[in-house]
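Once you know that position 67 of the sequence shown is 67 in this note's numbering, the rest is easy, because the numbers rise by one and skip nothing.
Just so you know, the hints here were simulated from the structure itself, not pulled from any lab data.
Quick reminder that beta carbons are idealized off the backbone N, C-alpha and C, glycines included.
Certain hints may be false.
[As the list claims (entries may be wrong)] Here are the simulated distance ranges between beta carbons:
(1) G124 to S220: 47 to 57 Å
(2) S115 to A227: 50 to 60 Å
(3) P131 to N194: 40 to 50 Å
(4) L153 to W26: 23 to 33 Å
(5) Y187 to G218: 17 to 27 Å
(6) G200 to G173: 30 to 40 Å
(7) E112 to V171: 30 to 40 Å
(8) V231 to D146: 34 to 44 Å
(9) R195 to F140: 49 to 59 Å
(10) L31 to L153: 20 to 30 Å
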Amino acid sequence: MIERIIRWSIHNRFLVLLLSVILAVWGGYSLRTTPLDAIPDLSDVQVIIKTSYPGQAPQVVEDQVTYPLTTTMLSVPGAVTVRGYSFFGDSYVYVLFDEGTDLYWARSRVLEYLSQVQDRLPPGVTPALGPDATGVGWIFQYALVDRTGRHDLAQLRSLQDWFLKFELQTVEGVSEVATVGGMVRQYQVVVHPNRLRAYGIPLAQIKQAIQRGNQEVGGSVIEMAEAEYMVRANGYIQS
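Start from the sequences and build out the full structure, keeping to the hints where you can.
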């Protein structure tokens with residue numbers, strides 16, 4: 001068999017040479033036009049559910065947020081694996097689908113099942129879908145560390161949320177910057193139930209008063225000496 005191929009190639013040298021040139025040109029063209037990816041996407045189709053439960057320990061987040069979400073997502077059509085991770089104040093649930101599943105179809109199915117589990121979550125806790133990225137989308141992690149000791153965790157979290165996060169979102173190809181850890185700045189109001197009961201003030205009224213007091217409003221315009229002055233009431237909480 002090999003002898004016949006060699007004998008035929010010798011008698012048809014021009015045809016063999018022409019075929020070799022065609023293959024060489026085709027190979028060079030393919031080499032120049034074939035797209036290359038430094039990080040090829042070999043992951044499954046997945047949908048990420050991020051839920052914030054500020055101030056709660058990981059065990060509380062696991063019991064009240066992550067567990068209801070994971071058990072509900074197991075029933076999503078096409079879902080093969082559901083993984084849940086609980087952190088301080090945050091919950092992440094990863095729903096992996098069959099190979100070849102359309103990403104936007106999978107996201108719509110997850111949204112349908114999220115509406116069913118909303119009543120089982122704590123009040124004020126609303127899950128949200130992550131960006132429509134692939135499984136290799138989380139490609140970089142960093143930590144803010146103050147080795148001088150002049151900034152606490154709350155200040156580092158504020159630096160991340162109000163400065164670094166917005167700068168990183170302007171980078172081409174970045175769809176989301178997720179922040180985990182630190183202490184989110186908050187204002188705490190300590191009420192005395194006995195005093196509220198004595199004055200007949202319900203807790204809901206205290207909440208409404210705080211919400212009304214933490215806002216800015218405009219006061220129209222005042223004309224004085226042929227000049228207009230804008231009136232504004234600054235009512236945001238400062239300390």
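L153 and L31 - C-beta distance against the hinted 20 to 30 Å: About 52 Å separates the Cβ atoms of L31 and L153, which means 20 to 30 Å is violated.
Can the suggested window of 34 to 44 Å be confirmed for the beta-carbon pair V231 and D146? 42 Å, holds
Determine whether the Cβ-Cβ distance between S115 and A227 falls within the hinted range of 50 to 60 Å. At 55 Å between Cβs, range holds.
Consistency of beta-carbon spacing, G218 to Y187, with hint 17 to 27 Å: Once the Cβ atoms are compared, 24 Å apart, the range 17 to 27 Å for G218 and Y187 holds.
Distance restraint hint 49 to 59 Å, applied to the beta-carbon atoms of R195 and F140: 51 Å, holds
Go ahead and decide if the range 47 to 57 Å is satisfied by the Cβ distance of G124 to S220. 35 Å, violated
Can you let me know if the beta-carbon spacing of L153 and W26 is within 23 to 33 Å? Hint violated: Cβ distance 60 Å, outside 23 to 33 Å.
Assessment of proposed distance window 30 to 40 Å (beta carbons of G200, G173): Given about 58 Å between the Cβ atoms, the range is violated.
Range first: 40 to 50 Å. Now tell me if the beta carbons of P131 and N194 are that far apart. 48 Å, holds
For E112 and V171, compare the CB-CB distance with the range 30 to 40 Å and indicate the outcome. 33 Å, holds
The earlier numbered hints that this structure contradicts are 1, 4, 6, 10.
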